[in-house]
Amino acid sequence: MSARIRRRAAALLALVCLTLVLSGCWDRIELADLDMVSGVAFDAAPNGGFRVTVSIVLPQNLATGGGVGGAGGGSAGPSEAVVSGTGATIGEAITAIGRGLPGHIFWGHTRVVLIGEAAARRGIQPVLDFFLRSPATRLATDLLVVRGEAGPLLQVSPPYRVPGTDVLYEHLRRQREPRALVYEVAQSLLTTSGASLIPEVQVGRPAPGGSAGGGGGSGGATSPTALLFTGAGVLQRGRLVGWLNEDQMRGAMWLLGTARQGTVALRSPQGSVSVHINRVRIHRQAVRLADGSPAVRIRIDAEDVVSQVDAGNPPLGDPRYLLQLSNALAASIRGSADLALAAARAEDVDFLEFGRLVAADQPGIWGRVHGDWPGIFPRLPVVIAVRAHVRQVGNLVRLQ
Amino acid sequence: MSRAASHRGAGEAWGLTPFQIGVCTMAMIGVTAVAGLPTILTAYAGQEGWIAALVALPAGLLPLVLLHDLDRRQPGLTLVEQARQALGPIGGLVLSLLPLALLLSATPLGAHQQADIVGLEGLRHTPTVVIVALFFLVPLYAARQGPEVLARLTTLSVPVAIGALLLIASTSLRSVRAENLQPIFALGWGPLLQGAAPAAAWYAESALLGFLLPFRGRDRRASWAAAGAGLTIVSLQVALVTAWDLSIFGPLAGRVTFAIFQVTRVTNLAEFLTHMDSVLVIAWVAGEIARMGLWFYCLCLALSQCLGLRDYRPLTLPMAAAVIIATCTWFENSSQFNAWVMHVWPFWGLALGIGSPLLVWLAVVLRGPGPGRRAAIPAAARLGAPERG
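As given, the protein sequences belong to chains V and B, one line each in that order.
Here the numbering used here is used: the first residue of the first sequence is 1, the next is one more, and so on.
Here the numbering used here is used: the first residue of the second sequence is 1, the next is one more, and so on.
The set of hints was computed from the structure by calculation and includes no laboratory data.
Errors might be hidden in some of the hints.
[Stated by the list, open to error] Some chain V residues close to chain B (C-beta under 7 Å, calculated; not the full set):
1) ASP27
2) PRO135
3) ARG138
4) ALA140
5) VAL185
6) ALA186
7) THR192
8) VAL203
9) TYR321
10) ALA360
11) PRO363
Backbone N, C-alpha and C define an ideal beta-carbon position, used for all residues, glycine too.
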């Protein structure tokens, strides 16, 4: 056998041997062996521990399946299984869950993270640490906070969409609610104020005083199994320190520059009109006052279209009336923004990220004042200018 | 006859094209820089880490300028050959220990970074030695084939890696917050220069082009310009990736490991393309294989020329085993590795990266390449390149 043939035979043998490792070595996991988590809830357990509840997708039942634990319609069984585990740490709780599951827990498709009130008051750093450290999780996963216990929310099976975590996720995805993503909340821990907002979710119970505000609303559902966004939790240094109602939360969205679209109900002597906010431009700027102190200017421009005449017979063909509507909308936005600002000042928590704004726009001033920021923030002058324009009345000028 | 000419096949005018040289420069320095530097730059220089990536560029261009002048004075010789030419066998050997030390330390260091990333992102249960050994197969084979095959492999791999970076950037656009980069120049020069030091050490690895550029084609100026352009692109790439990481993660960017891989965890294109981590790992591994091949080739070539061997290829298998062992045993854990990269490497890499060509250049300038000394170079040391024909 010539040397050339021997070389080729050796190369062929090497190639055949290499195919042995193509199957994935030590880390091979079959797709069927993955237990995919769609939502997870963290609650406080006694003695400083955690109770972790996961909602695991049962893909074989998704096409025709019902809700959690077979509660919904369909003949193929439940679309999700909810499993809980308790431990001194999150890791131990998850290990306890894993003991009861046949496959490997897979976090890559987790869409929402619910945190119970007690766990949030204790501090969400362990939750953030778990998500940031693990390579399998998504950092753009939504965080939500729940008054009371979070785990039971994963058991809720809304009638209009399965799995239940999809309802929450779709709301958030469509920018109807403020979003608090894992990496954004983790970032806020490293800022001077260390404050952030996390949307609050409840089961079938509208928040007291909740009404249409600046950025649209999700209220109105009365089903006992409905999942409602009812405000937001205020976090400082990773601990829950207070709550915002729905109006305050909408106002915070305007002031943070995260409001995108929504529907606002406006009342006037001629009737009641709903306007849909189509386009929003928000400009936040920190400025230096004559005495060298910082101030914040926020300019909000909203463009809208009349989406519904709810009552009465408003003269939508009259340009002056549309101007009135525009002014009313601007006042509504301004009102909710004022509510949020008042809440931030009352709680003395800079969840509106004004400190970050001053640091970015006025670094010279920030270098001087950042040590005293907690004292300066409640007295910080904030100028809010709102301009709203109702541009169109839809396809109908007048019905009667 | 120059070194590059010595291994050309009969009747064939072979040499690395300027494009190949530029791409090889990008692979040799850029692959590990893009993965590792952004976190380090941000940890030192905060939101100005991306500026530090640009400030450090002259530290990489300096070795190139020195190598260019050496190539003008003694064309077609590697750094080791240049040293021997100027100082004779003993003096040359002593001076050659500098680039050899850089190669011996940085080759397992890069392999360790690769094993860390692959182990962290995907193969958590696979033993490190298996990961490193498997990833060494292609570089080992390519290195044995010589610079032309390595250059071809690199021109295939680098565009894939750049394409993956662009894909990651476009799918994470929604998460970008430009205000995270503000204010600019607020921290002053201290943190900026602190951040620039590790980047400078990385860029100074351009000294190793002293083992690759002797295989350039006939157009000397274009080849050197391509190397400079490749290094500049690496610097821009690192700056852009750092700015991207910062604009998404803000102050968190300096606290996560391998920030560019964390960006894949926030990617989202129309709710359809979300899990892009595997795309980046595949593309990065492709670039890393090309990088390891080039470094490993330089290491074997430099060692063979120091030892006066006729051919570098007998060294490839034992050196591969040595590098794999060093990779697996050098660091106890990732914190030790990170501490070394952050606190030791800036001094070590910068001293060797700039010191190697600088001392050789000084030796050549001061002593000059006499005809007698030129003949002192053993013919065996020139035969490292593959046989062609």
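Taking the hints in turn, this is what the structure says about them:
The beta carbon of ASP27 (chain V) is positioned within 7 Å of a beta carbon in chain B (closest approach about 5 Å), and the interface hint is therefore held. Satisfaction of the interface hint for PRO135 (chain V) is found here, the shortest Cβ-Cβ separation to chain B being roughly 6 Å, below the 7 Å cut-off. Look at ARG138 (chain V): its Cβ gets to within about 5 Å of chain B, closer than 7 Å, so that hint holds up. Of the supplied interface hints, the one on ALA140 (chain V) holds, with its beta-carbon coming within about 4 Å of a beta-carbon of chain B, less than 7 Å.
Taking 7 Å as the C-beta contact cut-off toward chain B, the hint placing VAL185 (chain V) at the interface is violated, the least distance being around 10 Å. A distance limit of 7 Å between C-beta atoms decides the matter here; for ALA186 (chain V) the minimum to chain B is near 6 Å, and the interface restraint holds. Proximity of THR192 (chain V) to chain B is violated relative to the hint, the smallest CB-CB distance being about 10 Å (cut-off 7 Å). For the restraint placing VAL203 (chain V) at the interface with chain B, the shortest Cβ-Cβ distance is roughly 26 Å, beyond the 7 Å limit, so the hint is violated.
Interface restraint check: TYR321 (chain V) against chain B, minimum CB-CB distance 38 Å, threshold 7 Å, status violated. Below 7 Å, beta-carbon pairs count as interface contacts, and ALA360 (chain V) has one with chain B at about 4 Å; its hint therefore holds. Nearest Cβ of chain B to the Cβ of PRO363 (chain V): about 4 Å, under the 7 Å cut. The hint holds.
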